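Asker: These protein sequences, in sequence, are chains A and B. Its first residue numbered 1, the first sequence is counted upward by one per residue in the numbering used here. Its first residue numbered 1, the second sequence is counted upward by one per residue in the numbering used here.
Note that these hints are calculated values from the structure, not bench results. Keep in mind that a hint or two might mislead.
What the hints assert, rightly or not - Ranges between beta-carbon positions, derived for each pair:
id: 1; chain 1: A; residue 1: 229; chain 2: B; residue 2: 99; range: 51 to 59 Å
id: 2; chain 1: B; residue 1: 177; chain 2: A; residue 2: 45; range: 53 to 61 Å
id: 3; chain 1: A; residue 1: 239; chain 2: B; residue 2: 30; range: 23 to 31 Å
id: 4; chain 1: A; residue 1: 25; chain 2: B; residue 2: 158; range: 38 to 46 Å
id: 5; chain 1: B; residue 1: 85; chain 2: A; residue 2: 240; range: 46 to 54 Å
id: 6; chain 1: A; residue 1: 90; chain 2: B; residue 2: 121; range: 46 to 54 Å
id: 7; chain 1: A; residue 1: 25; chain 2: B; residue 2: 49; range: 30 to 38 Å
It should be emphasised that the depicted structure is a prediction, and the values quoted were computed from it without experimental measurement. Ideal placement from N, C-alpha and C gives every residue a C-beta, glycine not left out.
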Amino acid sequence: MSRRTQYIAIAAVIALMLVLLKLPGDVSSRLKLAVSSVFLPLFGLTGSANRLTDATGNALLPKSEVLAQNEKLREEVNGLRVATQQTAEVFRENERLRQLVGWQRQLPWKTRAARVMSRDPANWWRSVQIDLGTSQSMRPNLAVISTDGLVGKISSCGDNRSIVLLLGDPTLRVSALIQETRDHGIIMAGSSGSPGSEFIDLGFLSRSSQLKAGQAVITSGDGGVFPKGIVVGRVVDSRTVGYGLSIEARVKLAADLGKLEQVWVILE
Amino acid sequence: MNFARPILILVAALLAVFAETQLNLPERLLAVRIHLLPAIVVFAALRSGLGMLTLTAAIGGLWLDSLSANPLGVSAIPLILAGVLMRHFDSMLLRDLPYAQFMLGAGAAAMLFFVSLGILLSVHLEPVIGWATLWQGAVSSLGTGALTPLVFFVLDRIDRALTYQPAPESSFRQDREIKRGRT
Numbered sequence: 001m002s003r004r005t006q007y008i009a010i011a012a013v014i015a016l017m018l019v020l021l022k023l024p025g026d027v028s029s030r031l032k033l034a035v036s037s038v039f040l041p042l043f044g045l046t047g048s049a050n051r052l053t054d055a056t057g058n059a060l061l062p063k064s065e066v067l068a069q070n071e072k073l074r075e076e077v078n079g080l081r082v083a084t085q086q087t088a089e090v091f092r093e094n095e096r097l098r099q100l101v102g103w104q105r106q107l108p109w110k111t112r113a114a115r116v117m118s119r120d121p122a123n124w125w126r127s128v129q130i131d132l133g134t135s136q137s138m139r140p141n142l143a144v145i146s147t148d149g150l151v152g153k154i155s156s157c158g159d160n161r162s163i164v165l166l167l168g169d170p171t172l173r174v175s176a177l178i179q180e181t182r183d184h185g186i187i188m189a190g191s192s193g194s195p196g197s198e199f200i201d202l203g204f205l206s207r208s209s210q211l212k213a214g215q216a217v218i219t220s221g222d223g224g225v226f227p228k229g230i231v232v233g234r235v236v237d238s239r240t241v242g243y244g245l246s247i248e249a250r251v252k253l254a255a256d257l258g259k260l261e262q263v264w265v266i267l268e
Numbered sequence: 001m002n003f004a005r006p007i008l009i010l011v012a013a014l015l016a017v018f019a020e021t022q023l024n025l026p027e028r029l030l031a032v033r034i035h036l037l038p039a040i041v042v043f044a045a046l047r048s049g050l051g052m053l054t055l056t057a058a059i060g061g062l063w064l065d066s067l068s069a070n071p072l073g074v075s076a077i078p079l080i081l082a083g084v085l086m087r088h089f090d091s092m093l094l095r096d097l098p099y100a101q102f103m104l105g106a107g108a109a110a111m112l113f114f115v116s117l118g119i120l121l122s123v124h125l126e127p128v129i130g131w132a133t134l135w136q137g138a139v140s141s142l143g144t145g146a147l148t149p150l151v152f153f154v155l156d157r158i159d160r161a162l163t164y165q166p167a168p169e170s171s172f173r174q175d176r177e178i179k180r181g182r183t
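Starting from the given sequences, assemble the full structure and let the hints guide the process.
Answerer: Here it is as structure tokens:
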């Protein structure tokens, strides 16, 4: 093949890439899931290897260590049982008051555990893939949490895996409020410009907001994607923006997004 | 035709992309993801033809984008351009020197980083960028550059094990043989 023909072929490949770049979002995400299916055997292999490592680690653990852990967990379970009783009583009281006032009943979350399969290899996005898809009743816009707090939401789904946009991704905005003062704002990507950062910004807060470091930030439930009351993080500091029209707070995330291994998807 | 080398390069590209999604140590230490794919593309550019180079860059780029929030095709374009540039100046490159491999790997990674970012901004997407992006670009390029000689070392050895080596030339030539005795 002559050099000229080769360069024409390369130009054709680049043109094809430009066409792919401009595909509509829905077609592009389906195509992406199809292309990435080549990695499924490797993901399966990694999952099996992890399970094997865990099983080996458990088998090699000395009995005294297991007993100590068991005792510690027993104490923790007892403590949680007492806390659950208290919470159940508060929940019942809350239900009675809601009925009296005529507010809508608040349903407990229905969740499903998922394993994090991979992280976004690009330096400028924040997303992970989980091992649940449409076959397991997943759909876009379901909220995803960890044991520490809010993680993000599902952006697209394949049959057996989904892409989760993490907090701090510029395309993900969450309506949130400061728990103590009830000031509403919007969670946005952090101004540091680093996707690995554990800080995000809570913008559009009223300029009369009384912010203090350490105040808890939770989801407000507005918008219908994220249920109300999920912990997002804590306020670190704040500054006035927009020529003094509003306040922006820096929030340290409750969940460590760099160490995610297991997450829970809120189904309802 | 021996398919061992093309298969080796494509498998290496697949594993490189997969490794990038699984290993988060560089990100935890330096807040940067280091790409291995540009090093494989440099290897393809210096050790195979233009066709194989284009295939590796295009398929590797698509694999990388399929596991990322990038639109499909963003990573393939800079990788193809980097590879074609290297092929163009092929005769001037000291391909077997680790220093040259380091520079080529770093250059390909820098091209992948900054050209991809330029494409994303030109199609009106909003990646997370700020001053930290410059740090990420620099560290990511240097990291890939440092890994490139290692990639060459490993792939050259596997390639040697998989392909027939040319028979060593002997100094014996039949036409120059001195026949002794009577004929």
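Asker: Which hints, by number, does the structure contradict?
Answerer: none
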